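2 protein chains.
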Amino acid sequence: MDEITYKPIGIIHTSFRSTSEVPKESKDVNLAKGTIEVAPQYAEGLRDIEGFSHLFVIFHFHLSRDYPLLVKPHRDDKLRGVFATRSPARPNPIGLSVVRLTKREGNILSIQGADMVDGTPVLDIKPYVPQFGQEGILKVGWLERHLESRRGRP
Amino acid sequence: MDEITYKPIGIIHTSFRSTSEVPKESKDVNLAKGTIEVAPQYAEGLRDIEGFSHLFVIFHFHLSRDYPLLVKPHRDDKLRGVFATRSPARPNPIGLSVVRLTKREGNILSIQGADMVDGTPVLDIKPYVPQFGQEGILKVGWLERHLESRRGRP
Chain E
-3 MDEITYKPIG IIHTSFRSTS EVPKESKDVN LAKGTIEVAP QYAEGLRDIE GFSHLFVIFH
57 FHLSRDYPLL VKPHRDDKLR GVFATRSPAR PNPIGLSVVR LTKREGNILS IQGADMVDGT
117 PVLDIKPYVP QFGQEGILKV GWLERHLESR RGRP
Chain H
-3 MDEITYKPIG IIHTSFRSTS EVPKESKDVN LAKGTIEVAP QYAEGLRDIE GFSHLFVIFH
57 FHLSRDYPLL VKPHRDDKLR GVFATRSPAR PNPIGLSVVR LTKREGNILS IQGADMVDGT
117 PVLDIKPYVP QFGQEGILKV GWLERHLESR RGRP
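So the protein lines, in turn, are chains E and H.
Heads up: the first sequence at position 19 corresponds to 15 in our numbering, and the numbers run straight through without jumps.
Heads up: the second sequence at position 92 corresponds to 88 in our numbering, and the numbers run straight through without jumps.
Next up, chain E with everything else stripped away, as it sits in the complex (with noise of 0.2 Å):
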């Protein structure tokens, strides 16, 4: 199949240097703070941005290079398919995070939930909205043990 080019739209800023700082654990990806640098010539496309408490981050992961199909996550003991996990060693290096979005000062729009490492490029901004009335119905497959630790990406 054709390979895709896309174009960085901007760029998160956060105090984590090296992918070992980056928070794993639910509550404190909560507490992690950074800023999305949205370059100037697409600051427009913020418009009615800062009426959404949450944020879709769709970003590249810079520092990954290899991808194993099976990976080990976090805190578990099984290898489990890379796609069953949101390993940053993937296939297509594509992260995807949930934030706050808590100030938007013209193209710098201030987040919490930054997972990131200082540097990472952002590729698109959307809209959260919840999908689900009853999550109860949702299954989290091998997850379902860990959930009371809540980790922040498995």
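Since the hints were derived computationally from the structure, they do not count as laboratory data.
Please note: incorrect hints may appear among the correct ones.
If several chains are the same, the list does not tell them apart, and a pair holds so long as it fits within one copy or across any two.
Below, simulated BS3-like cross-link-like pairs (lysine-lysine); rule was C-alpha separation at most 30 Å, straight line [as the list claims (entries may be wrong)]:
1. K135 with K99
2. K3 with K74
3. K99 with K68
4. K20 with K135
5. K74 with K99
6. K20 with K3
7. K68 with K135
All of these numbers come straight from a predicted model, not from anything done at the bench.
Since the structure of chain E is provided, determine the placement of chain H on it from the hints.
Just chain H now, with coordinates in the frame of chain E:
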């Protein structure tokens, strides 16, 4: 910023031959069936995925061409910043849908909620895990007054 290149990991099959045929209302989206054909060389990465009832599918809007930074969403009457919408016409035409996984047979995933045109290239698949216990804390901006009609792709 540097360009980023990805290679599709699979392709989505639906009955929708054009963008205009893709359902917009969530009740129709939920009924929309399709399959994700993961390329055989990535099939091992699907291990354990059948334990999840819902998946994030990240895909390429391959029919998208231009991208106005302000768009008038379906059933809305105001121009909104493209990043405050899920419009397919965006600087990086990346789509994100939550789908229900109904069956897996080898490298073929049967899904519901397939609001994509037939032939859409898939970039990534991730497990869907509920993010928030209390959705009442969410603000959904300009979508607020549309939530009763619950569109599929605002």
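Alpha-carbon proximity between K99 and K68, which holds within one copy, between copies, both or neither at 30 Å
between (36 Å within a copy, 24 Å between copies)
Given identical chains, is K135 near K99, meaning Cα to Cα at most 30 Å, within a copy, between copies, both, or neither?
Between copies only: 13 Å across, 34 Å inside.
Within a copy, between copies, both or neither: where do K20 and K3 come within 30 Å Cα-Cα?
Both. Shortest intra-copy (28 Å) and inter-copy (28 Å) distances satisfy the 30 Å Cα cut-off.
Tell me, please, which holds for K74 and K99 at an alpha-carbon limit of 30 Å: within, between, both or neither?
Classified as between; 23 Å across copies, 40 Å inside a copy.
Could you figure out if K20 and K135 sit no more than 30 Å apart (CA to CA) within one copy, between two copies, both or neither?
For K20 and K135, both the intra-copy (21 Å) and inter-copy (25 Å) Cα distances are at most 30 Å.
Could you place K68 and K135 in one of the four classes (within, between, both, neither) given a Cα distance threshold of 30 Å?
within (20 Å within a copy, 35 Å between copies)
At most 30 Å between CA atoms: does that hold for K3 and K74 within a copy, between copies, both, or neither?
Classified as between; 28 Å across copies, 36 Å inside a copy.
Checked against the numbered hints above, the structure breaks none of them.
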